[in-house]
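J.: Protein chains in written order, with my numbering: chain G, 857 to 1309; chain V, 3 to 310; chain H, 15 to 372.
Treat the hints loosely; a few may be bogus.
With a straight-line cut-off of 27 angstroms between C-alpha atoms, the simulated DSSO-like cross-links for lysine-lysine are [claimed, not checked]: (1) H:277 to V:131; (2) V:131 to G:1108; (3) H:277 to G:1108; (4) V:61 to H:296; (5) V:161 to V:143; (6) H:277 to V:156; (7) H:215 to H:277; (8) V:161 to H:296; (9) V:131 to V:104; (10) H:215 to H:29; (11) H:215 to V:161; (12) G:1108 to H:215; (13) V:61 to H:364; (14) H:296 to V:131; (15) V:104 to V:116; (16) V:143 to V:131; (17) G:1239 to H:277; (18) V:116 to V:161; (19) G:917 to G:1239; (20) H:215 to V:143.
Hints were generated in silico from the structure; no laboratory data involved.
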Amino acid sequence: MGQFGHVSLSTCTISAMYGRGRAGSSAVRVGALALLTLIVASLFVLFAAVPNAEAQEGSLKGTLRLGRETVEGAEISATDADGNDIGTATTDVDGKWEIPFSEIGTYTVTLDAASLPEGVGFAEGFSESVEIEIDEVRAKAVAFKLDSADVSTTLEIDPLWQRLLSRAVDGVKVGLLMALAAVGLSLIYGVTGLVNFAHSEMVTFGAVMAFAIESLWGGLPFWIVILFTAVVGGVLGFVLEGGLFGPLRRRKMNNISLMIVSIGLAFVLRYSILLFFGSAPQSYEHYRIQSATDIGPFSLPGKDYWIMGVSFILLVAVGLLLQRTKMGTAMRAVADNPPLSQSSGIDVDRTIIAVWIAGSALAAVGGSFLGLTQIVEWQMGEKVLLLIFAAVTLGGLGTAYGAMVGGLAIGFASEMSTFWLDNDLKFLIALIVLILILLFRPQGILGVRERFG
Amino acid sequence: MPANSSESHASDARPTARNAAQMAVRTAQPEPGSVKPDAILTIDNVSRSFGGLKAVDVKRLEVQRGVITAFIGPNGAGKTTFFNLLTRFDDPDTGAWNFNGKPMQDQRSYAIAKAGMVRTFQLTKSLGKMSVMDNMMLGAKNQSGESLSRALLKGSWRKQERRVEAQATDLLGRFNLAHMRDEYAATLSGGQRKLLEMARALMSEPELILLDEPMAGVNPALVQSLLGHVQALRDDGVSVLFIEHDMDVIMGISDWIVVLAEGSVIAEGTPEQVSQNDVVVDAYLGTSFAGATGDGARSSEGDEGNQQ
Amino acid sequence: MSSFTSLIGGYDISKLLGDSLRAGVNVQSAAFALGAVGLNLHYGFTGLLNVGMVAFMAAGSYGMAIIFTQGLFGGSILLGILGGLVFATIIALLVGIPALRLRSDYLAITTIAIGEVMRISFRSRRLLDITGGPFGLPSIEDRSADISLADRIGRDWNPFFSVDDPTKTFGFWRLDFDAKTLWLMIIGWTLVVLCSLLVWKLIQSPWGRVIKAIREDEDAARALGKNVFGYKLQSLIIGGCIGALAGIVRTLDSGFVESNQFKPQTTFFIWTVLILGGAASKWGPMLGAFVFWFVLVFVEEALRQVIINADDMVWMGLEANDVGRMRLIMMGIMLAALMIWRPQGILGKKEEALLDAR
């Protein structure tokens, strides 16, 4: 209910700010706002009223730790409600264990105390058996809290500010990745007027390609994997523009038809990836597990620092390229006014090809990073499509900087929202942002006002 | 009005007999913002900027009822933007204007058209995949069959539909388009599209029609016919406001000329008064007023011909 | 029936043709035809880029199913259907009011977004008691009144059902259907015809003239005094309600709702149906649905038989379980290829498609 009050308050503020500008259509907007508020409010009420029980992907699994150390060789077994054994597992060198199950129900997971190292027992308030209710055939994490006479363990959860901080850091990370993915979509729209629905598949493509090279030659330096991903992403962009969209545009096909072609293309790409890659989620073998590195108040796996650092550098580089180089200036000019830039001597076709290459390469790199922080799967692009669209609209369709800001904002906001709300609801947040932007500032935060219907 | 008689209207440079409204407007002061004896449109402080540039900044303007008023000015003077603002196809930063005494600045564009202030576009907007006849019939106002609740009750709009069709047939005849009535509008030539758009606007029986460069892109032979139609409109009692960046084309038919430069009204007056105005001559530096009408038509064709 | 069976070198031609024809006329095909009729009003006539038709289908299906399972309004099916239509109307307003004033791209972005958000929200565990969360509503039944939707439609209200012979089938060859399927096919295709005629009558009216004018050039319509936004909203609502009917027909057939039935791909199946049949044509959606399902199942079945007959059951690297994936790839190719080489589809007017290029 708290959220409900918050939402209506902020939307009212916006309408009050806006009300001064235009009187003509305010009645419709107020009506729309009332409707939106009503629907959002009822959704929140619905979601708040029903108790939450969140499930994640996989099977019964967990990592057994004692303080910061992992525990190897502990035996864990699981039984179903009728007491039948469904499986046992022994923790590996990283303390990880996993027991698959196939049906929903209530399971009891037991850690054999005898298999634990000497002197290690269960933390206060935790026993050797955990009862888990499974109502979806997905993964479920099971935690055992251990304690030992030698190692002092802290049972209390991290303080609020630290949890907020870690959410915020995740938010920045996801935001940077969304920005990488969104820049290309927005620039391509800017120079061609095409909303490319296949852009999300570039993200998947990048992640899958990085996975492929990484599993072929394991242990390659990180930067080579990124470089390779960028190159194959760029090549895909080149092929799509040079072999498909460019020729069609020259046949004077309108952008609406081209958009439908891009939808068809998205399907071809997505299910081709499924065909070759398979439906099982994967993760990069050599970067899968990393222990946290502390820098100041942050405690993150090393790869996260890299991802954020490289993403940030890439975005700054894109900004500098657009601002300082001849090609960048040409891109901005074409996005601004294609006929004018053509007549002022800019090679529009070449500029468009360059935008496709750069945009696809960025999306592919963004995808490989996304795979690095989460998992690699054939649907990963489709899953972030909504966030990317919201980001691009928020920033202003067609503007590169807008897409960056929008990506950061949407990524950050949606990640932060999971602190208070269900994981699924982050998409709802993106949709609400999208609708509010369309109602009140359709040109986006960085777009220039033009005439809209 | 048959087409050949409108040709004759255009052929003599100045109508011999002026009607009352034409006489009345000549009594107005030839200065920016001057009061008109019977204004159909009064405009106050309308402005619009793009970035830092003020595209339109009109302090005060009155448009006389029942006459042809021309907006002229060099390219980039803000004429089309001003039109867009008045018809709310663009949002003004500031400003208020009354049409027939009713404030229009807060109305949506369709409501302004419904009120009787109808515009055409510089780049014609013929509805390509609809027949010429459908284009025309779309223009008629207050069609009951256009409301969703009555659309399926054919009986409720059949009679009106026939009336609208008769009106459209009549107008198509006057605009020499009768033979094209069942063709797709996209198959018309550029000049024919201009005619269609003007005829379509007339279907709504407007009180004030705003024509945005109706002569642009039209071949010289048709220009005379178009000018004739514009004059015929005035003779039927319609107030006409039209944009032209070439003075020569309109000197002959306008009753009142408003000169815009850099978004502001710099002069007003009858054609004679404006052509002797020093400010206007400065603004048009390098442009000859005395040039033949034919030159003007050719140059506007050259500018816009490739857009069709 | 064996006289129809013909095996040629390990290929079952009867199954190939029979299954394809069956898919072409089945309830599923009727549901897609209905969706395409709604989309035809949106895209074909009004020019609205609705790429979230599945949101309206979900509104219809879930709306009806929830009203029925919760026993609201006495668990009436008809009121459930009405509730589905009301839900679809609300969705149309929610999407239309912000997005219809803007360029068409924005409607595309908003519609695909609402479709996905609805799907994700419906499967949320927080809505377990209402939508069934991730499990959906596996059997749509009103527990308090002890009736199920499937029984109501399949038995109580079914003129073809007889208690004496509940497994009686109708038809011949591979085209024989049980009583419930036959009844729903009749309901489904009747709805398709009725909705097609409704849309066509609307388009032939002065209202339809304004709608087509908006498709061609909104500013022109606006300049002639037409409230473009209002007309677009009306079109979005009517087409959306027809889309909701599509969802309802599909749910009546399957007897359950589940969020995975409403993935974005459903929308693009419908797009392909419409483009294939011919946008802005009267019977295009209907013919498109038949041809689409016929071709899809034909190629799928042919591929399956080729793989089964190949050495080691692998053909050009494809195995039997790849066939389902291939069909979605094929659908993508079909949609793109149609748009490129035959934008007018089967029944559309070629000259109209050509006018676009001008």
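J.: With reference to the structure, classify each hint as holding or not holding.
T.: Verification of the supplied hints:
1. H:277 to V:131: Violated: residue 277 (chain H) and residue 131 (chain V) sit about 34 angstroms apart, past 27 angstroms.
2. V:131 to G:1108: 17 angstroms, holds
3. H:277 to G:1108: With Cα atoms ~32 angstroms apart, residue 277 (chain H) and residue 1108 (chain G) exceed 27 angstroms; violated.
4. V:61 to H:296: 54 angstroms, violated
5. V:161 to V:143: Given pair residue 161 (chain V), residue 143 (chain V) holds - Cα atoms ~15 angstroms apart, limit 27 angstroms.
6. H:277 to V:156: 40 angstroms, violated
7. H:215 to H:277: 32 angstroms, violated
8. V:161 to H:296: 26 angstroms, holds
9. V:131 to V:104: Roughly 36 angstroms separates the two Cα atoms, so the pair is violated.
10. H:215 to H:29: Violated: residue 215 (chain H) and residue 29 (chain H) sit about 40 angstroms apart, past 27 angstroms.
11. H:215 to V:161: 17 angstroms, holds
12. G:1108 to H:215: 33 angstroms, violated
13. V:61 to H:364: The hint is violated at about 52 angstroms.
14. H:296 to V:131: Distance of about 16 angstroms is within 27 angstroms: holds.
15. V:104 to V:116: Holds, because 13 angstroms separates the two Cα atoms, which is no more than 27 angstroms.
16. V:143 to V:131: Roughly 21 angstroms separates the two Cα atoms, so the pair holds.
17. G:1239 to H:277: 11 angstroms, holds
18. V:116 to V:161: Holds: residue 116 (chain V) and residue 161 (chain V) sit about 22 angstroms apart, inside 27 angstroms.
19. G:917 to G:1239: 24 angstroms, holds
20. H:215 to V:143: 21 angstroms, holds
Of the hints listed earlier, those the structure fails to meet are numbers 1, 3, 4, 6, 7, 9, 10, 12, 13, in rising order.
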